[in-house]
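Asks: With the hints as extra help, turn the sequences into a complete structure.
Number of protein chains: 2
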Amino acid sequence: MKDTKDSPEYLAKKRAFSKMLTLYGRKPVLEALQDPSVTPFRLHLATSNKPVTLLDDILLLAESKGAEVRYHTRDALSRISKNSKQDQGVAIDLQCPGFQQADDFLAAPPKAHFELLALDGITNPQNVGMIIRSATAGAIDGIILPEKGCAPIDPLVIKASAGTVFKANILRCSSLVKTLKQFRQHGTHVYGLSSHADTTLANLTSHSANIYVLGNETKGVSKEVSELCNKHIAIPMNNNVESLNVAVTAALIAFRTVIR
Amino acid sequence: MKDTKDSPEYLAKKRAFSKMLTLYGRKPVLEALQDPSVTPFRLHLATSNKPVTLLDDILLLAESKGAEVRYHTRDALSRISKNSKQDQGVAIDLQCPGFQQADDFLAAPPKAHFELLALDGITNPQNVGMIIRSATAGAIDGIILPEKGCAPIDPLVIKASAGTVFKANILRCSSLVKTLKQFRQHGTHVYGLSSHADTTLANLTSHSANIYVLGNETKGVSKEVSELCNKHIAIPMNNNVESLNVAVTAALIAFRTVIR
Numbered sequence: 073m074k075d076t077k078d079s080p081e082y083l084a085k086k087r088a089f090s091k092m093l094t095l096y097g098r099k100p101v102l103e104a105l106q107d108p109s110v111t112p113f114r115l116h117l118a119t120s121n122k123p124v125t126l127l128d129d130i131l132l133l134a135e136s137k138g139a140e141v142r143y144h145t146r147d148a149l150s151r152i153s154k155n156s157k158q159d160q161g162v163a164i165d166l167q168c169p170g171f172q173q174a175d176d177f178l179a180a181p182p183k184a185h186f187e188l189l190a191l192d193g194i195t196n197p198q199n200v201g202m203i204i205r206s207a208t209a210g211a212i213d214g215i216i217l218p219e220k221g222c223a224p225i226d227p228l229v230i231k232a233s234a235g236t237v238f239k240a241n242i243l244r245c246s247s248l249v250k251t252l253k254q255f256r257q258h259g260t261h262v263y264g265l266s267s268h269a270d271t272t273l274a275n276l277t278s279h280s281a282n283i284y285v286l287g288n289e290t291k292g293v294s295k296e297v298s299e300l301c302n303k304h305i306a307i308p309m310n311n312n313v314e315s316l317n318v319a320v321t322a323a324l325i326a327f328r329t330v331i332r
Numbered sequence: 073m074k075d076t077k078d079s080p081e082y083l084a085k086k087r088a089f090s091k092m093l094t095l096y097g098r099k100p101v102l103e104a105l106q107d108p109s110v111t112p113f114r115l116h117l118a119t120s121n122k123p124v125t126l127l128d129d130i131l132l133l134a135e136s137k138g139a140e141v142r143y144h145t146r147d148a149l150s151r152i153s154k155n156s157k158q159d160q161g162v163a164i165d166l167q168c169p170g171f172q173q174a175d176d177f178l179a180a181p182p183k184a185h186f187e188l189l190a191l192d193g194i195t196n197p198q199n200v201g202m203i204i205r206s207a208t209a210g211a212i213d214g215i216i217l218p219e220k221g222c223a224p225i226d227p228l229v230i231k232a233s234a235g236t237v238f239k240a241n242i243l244r245c246s247s248l249v250k251t252l253k254q255f256r257q258h259g260t261h262v263y264g265l266s267s268h269a270d271t272t273l274a275n276l277t278s279h280s281a282n283i284y285v286l287g288n289e290t291k292g293v294s295k296e297v298s299e300l301c302n303k304h305i306a307i308p309m310n311n312n313v314e315s316l317n318v319a320v321t322a323a324l325i326a327f328r329t330v331i332r
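As given, the protein sequences belong to chains A and W, one line each in that order.
Per the numbering used here, residue 73 is the first one in the first sequence, and the count goes up by one each step.
Per the numbering used here, residue 73 is the first one in the second sequence, and the count goes up by one each step.
Take every hint as true, because none was put in to throw you off.
Since the list gives no way to pick out one identical chain from another, each pair is judged satisfied if it fits inside one copy or across any two copies.
Keeping only pairs whose Cα atoms sit at most 20 angstroms apart, straight-line, the calculated SDA-like set for lysine to any residue is:
| id | residue 1 | residue 2 |
| --- | --- | --- |
| 1 | LYS183 | ASN310 |
| 2 | LYS231 | PRO197 |
| 3 | LYS231 | GLN198 |
| 4 | LYS86 | SER247 |
| 5 | LYS231 | GLU314 |
| 6 | LYS231 | ASN196 |
| 7 | LYS231 | THR195 |
FYI, nobody ran anything at the bench for these hints, they're computed from the structure.
Replies: Now the structure itself:
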């Protein structure tokens, strides 16, 4: 029987796939496996790999943690890693319980007044990683990360996140505009961060679920997303400083109720 | 007459020198000169430089902003830039009005209950730059930056600071331990940031001038400095995240009164 886009089988597969993070590269894969909080699902190895100790270590650790092991041609492995230049013949699917589709989150949110960040065109992996680290440590229920326009979760992001990405609540979506529309239809307020806004983060009084949109490092929040925002908010700055680093802005939002 | 360490002439020179930032490299020097808030004092060029447009641009801009121009042998220029590998035959002394010796700040603080950050072994230029940017934008009166142990203010720091270093209040000192002792003798409270501390940033009630010490990215605040702290404070974290990025911690301190 073939899965159709509406069949329970298709949706279950999609859901399981959403919770999976595929990582590549020998050192990144080994380091992920060494993290006690990480559960591997499937290890992928290229049959072209020459035997080296590092690969033995990866294989032993993956098997001891219950991962299935599969061997592929070099080409097939490239299609799994989606990065043939940096995969070094190794990829791994990790189970990330905090990963899900944004619409699944919306269908069953963990609380009425949830607080989310949404990333709109954040291209620097260092920033994406730092945002994930601060949001996971702070009072944020999830990070909406669109498939396109942002730095993908790769070894650079994982490093900058100090490994917190594996336990982060990442809400995946294909189109940020479409997802924000859905959330707004359900009463969620959407705030765009902008250094030019009149309302400040301190003045924000809200009794709803909220999404804070963080925009591109240079251009800020995109026009299409800006038009979907209920309001734009700023963080007041001294000494004519023009803007804050976007990961710092994310941290101030994530911790503003924690540090007061 | 020779200057002695106590003579008014020596102290005046030392004071003027404290306010000077020497920067090197063609692109960094040009970018600094293009910043309208930057006042150059003296441009240094190696006589070995081959004529190129970029150098003409630097020379014209420096002269139009009233800088003195001096030519040096390649070796002499290296001694000025202190980085012969990256200076590209160009260095510049910039006047930074917010730079001063930490003991000069202590002798005449701008307010009774000032708030300072102190950097103890922060070696990543990206972190030092981001800390300067957040502190300058936030409610921090100065950053104590010891001569040794931290990343020096170089092109990488300037870039990560988004150019805010030129207007930052940087309090220089030769020994952080000695400087913190002096501040404590004058009634300033010193807090070391530590993820293991019982007191949280939110619980901190203080009616004094304060210094918040940020430690090395891996090892935290050093033992000698820890012993000088009145108290250690933590920022509470969710999801068993072990630590925050040090620049994020700095931003939370700098903005905690701004965003509440």
